[in-house]
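Participant: Using the hints, position chain B against chain A.
Below are the chains, spelled out letter by letter.
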Amino acid sequence: SQQGEEDPQALSIQEGENATMNCSYKTSINNLQWYRQNSGRGLVHLILIRSNEREKHSGRLRVTLDTSKKSSSLLITASRAADTASYFCATDARGSNYKLTFGKGTLLTVNP
Amino acid sequence: GAGVSQSPSNKVTEKGKDVELRCDPISGHTALYWYRQRLGQGLEFLIYFQGNSAPDKSGLPSDRFSAERTGESVSTLTIQRTQQEDSAVYLCASSLDTTYRYEQYFGPGTRLTVT
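For the protein sequence lines, the chains are A and B, in the order given. First residue of the first sequence? That's 1 in the numbering used here, and the numbers climb one at a time after it. First residue of the second sequence? That's 113 in the numbering used here, and the numbers climb one at a time after it.
If you are wondering where the hints come from, they were derived from the structure by calculation, not from laboratory data. Misleading hints may appear alongside valid ones.
[As the list claims (entries may be wrong)] Quick list of in silico lysine-lysine cross-link-like pairs, DSBU-like style, CA-CA up to 30 angstroms: (1) 123/B to 104/A; (2) 69/A to 56/A; (3) 104/A to 26/A; (4) 104/A to 127/B; (5) 70/A to 123/B; (6) 26/A to 70/A; (7) 104/A to 69/A; (8) 123/B to 169/B; (9) 70/A to 104/A; (10) 26/A to 99/A; (11) 99/A to 70/A; (12) 169/B to 99/A; (13) 169/B to 104/A; (14) 169/B to 127/B; (15) 56/A to 26/A; (16) 69/A to 26/A; (17) 69/A to 99/A; (18) 104/A to 56/A; (19) 26/A to 169/B; (20) 169/B to 129/B; (21) 123/B to 99/A.
[Unchecked claim] Computed footprint of chain B on chain A; a stretch qualifies when at least three of its residues, placed anywhere within it, have a C-beta under 8 angstroms from a C-beta of chain B: (22) 54-63; (23) 68-79.
[Stated by the list, open to error] Using C-beta positions, here's what the derived DEER-type ranges look like: (24) 192/B to 69/A: 40 to 46 angstroms; (25) 196/B to 93/A: 28 to 34 angstroms; (26) 44/A to 150/B: 18 to 24 angstroms; (27) 215/B to 66/A: 34 to 40 angstroms; (28) 164/B to 28/A: 26 to 32 angstroms; (29) 152/B to 17/A: 34 to 40 angstroms; (30) 215/B to 60/A: 28 to 34 angstroms; (31) 82/A to 195/B: 23 to 29 angstroms.
By construction, the Cβ of each residue, glycine as well, lies at the ideal position given by its N, Cα and C atoms.
Extracted from the complex, chain A is given alone in its bound form (with noise of 0.2 angstroms):
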C-alpha cells in the first residue's frame, strides 16, 4: 500500500493565486520530500523536510510536517502558469532511509 497520500487529486487555480496540497502518510518516518513531475517523465527534487522540522521554506515554497498527525503541506505562492505539474511526497519510514514511497500526487493546474 501506498504511504503517502496527497490531497486533492487535481487543483486548478488561477495565476496569482497559492496552491496548498495535502500529505498524509502512516508509519514514522525519517524525512519527508515533494517533488514535481511534468508531462509524467523526471521528477524533479523540491524540498526535504526532516522529521525534527516543522516548517521549511524554499523561495516560493512552503512545506510544514506535523508528526503527530502524520501530515505535511505543501504551498505555492504567488503561483505562475510554469508551476502547472504534479505534485509528489514520499516517505521514508524509520529504518528504511532509502526506500521512498510515494503517494499518486496532485495534479495542479495554474491557467493564466
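Facilitator: Same frame as chain A, but now just chain B:
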C-alpha cells in the same frame, strides 16, 4: 554536470519479448534506484543499489524482472517475457549517499509500451 540519463526514451515491444532499459547515474553518486510509474499513479519502488552492497530487490514484482549495476556506474533493468501490465514509465534515480543526503535525482524515464 550531466544529470541522470536513461535510454531508450520510448520502447514499444510485443508481448513475450524481453526488454533492457539503461540508466546512467550522476557521476559520483553511489546509490541508484529504479521505480515504475503506471499511468496516473505514484512511483513504485523496484530495486536499489548502494556501492558494493547487495542490492535491495524487494520491490521487483516478479522473477521476470532483474537489474544489474556495474560498480557505481551504469545500471540495466531487464524485463523478460513482457506482459501488457508491464506497460509503464520506468524511472531511474541516483543520490550522493543514503546516510546524510536523501535527495534523489531522477532521469527522464523510459516509457515502455507492451502491445
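Participant: All hints, please: hold or fail.
Facilitator: Now the hints, each set against the structure:
{"no.": "1", "hint": "123/B to 104/A", "verdict": "holds (24 angstroms)"}
{"no.": "2", "hint": "69/A to 56/A", "verdict": "holds (17 angstroms)"}
{"no.": "3", "hint": "104/A to 26/A", "verdict": "holds (15 angstroms)"}
{"no.": "4", "hint": "104/A to 127/B", "verdict": "holds (27 angstroms)"}
{"no.": "5", "hint": "70/A to 123/B", "verdict": "violated (39 angstroms)"}
{"no.": "6", "hint": "26/A to 70/A", "verdict": "holds (7 angstroms)"}
{"no.": "7", "hint": "104/A to 69/A", "verdict": "holds (20 angstroms)"}
{"no.": "8", "hint": "123/B to 169/B", "verdict": "holds (23 angstroms)"}
{"no.": "9", "hint": "70/A to 104/A", "verdict": "holds (17 angstroms)"}
{"no.": "10", "hint": "26/A to 99/A", "verdict": "holds (15 angstroms)"}
{"no.": "11", "hint": "99/A to 70/A", "verdict": "holds (18 angstroms)"}
{"no.": "12", "hint": "169/B to 99/A", "verdict": "holds (11 angstroms)"}
{"no.": "13", "hint": "169/B to 104/A", "verdict": "holds (22 angstroms)"}
{"no.": "14", "hint": "169/B to 127/B", "verdict": "holds (24 angstroms)"}
{"no.": "15", "hint": "56/A to 26/A", "verdict": "holds (21 angstroms)"}
{"no.": "16", "hint": "69/A to 26/A", "verdict": "holds (9 angstroms)"}
{"no.": "17", "hint": "69/A to 99/A", "verdict": "holds (22 angstroms)"}
{"no.": "18", "hint": "104/A to 56/A", "verdict": "holds (23 angstroms)"}
{"no.": "19", "hint": "26/A to 169/B", "verdict": "holds (23 angstroms)"}
{"no.": "20", "hint": "169/B to 129/B", "verdict": "holds (22 angstroms)"}
{"no.": "21", "hint": "123/B to 99/A", "verdict": "holds (27 angstroms)"}
{"no.": "22", "hint": "54-63", "verdict": "violated (count 0)"}
{"no.": "23", "hint": "68-79", "verdict": "violated (count 0)"}
{"no.": "24", "hint": "192/B to 69/A: 40 to 46 angstroms", "verdict": "holds (44 angstroms)"}
{"no.": "25", "hint": "196/B to 93/A: 28 to 34 angstroms", "verdict": "holds (32 angstroms)"}
{"no.": "26", "hint": "44/A to 150/B: 18 to 24 angstroms", "verdict": "holds (20 angstroms)"}
{"no.": "27", "hint": "215/B to 66/A: 34 to 40 angstroms", "verdict": "violated (22 angstroms)"}
{"no.": "28", "hint": "164/B to 28/A: 26 to 32 angstroms", "verdict": "holds (30 angstroms)"}
{"no.": "29", "hint": "152/B to 17/A: 34 to 40 angstroms", "verdict": "violated (25 angstroms)"}
{"no.": "30", "hint": "215/B to 60/A: 28 to 34 angstroms", "verdict": "violated (19 angstroms)"}
{"no.": "31", "hint": "82/A to 195/B: 23 to 29 angstroms", "verdict": "violated (38 angstroms)"}
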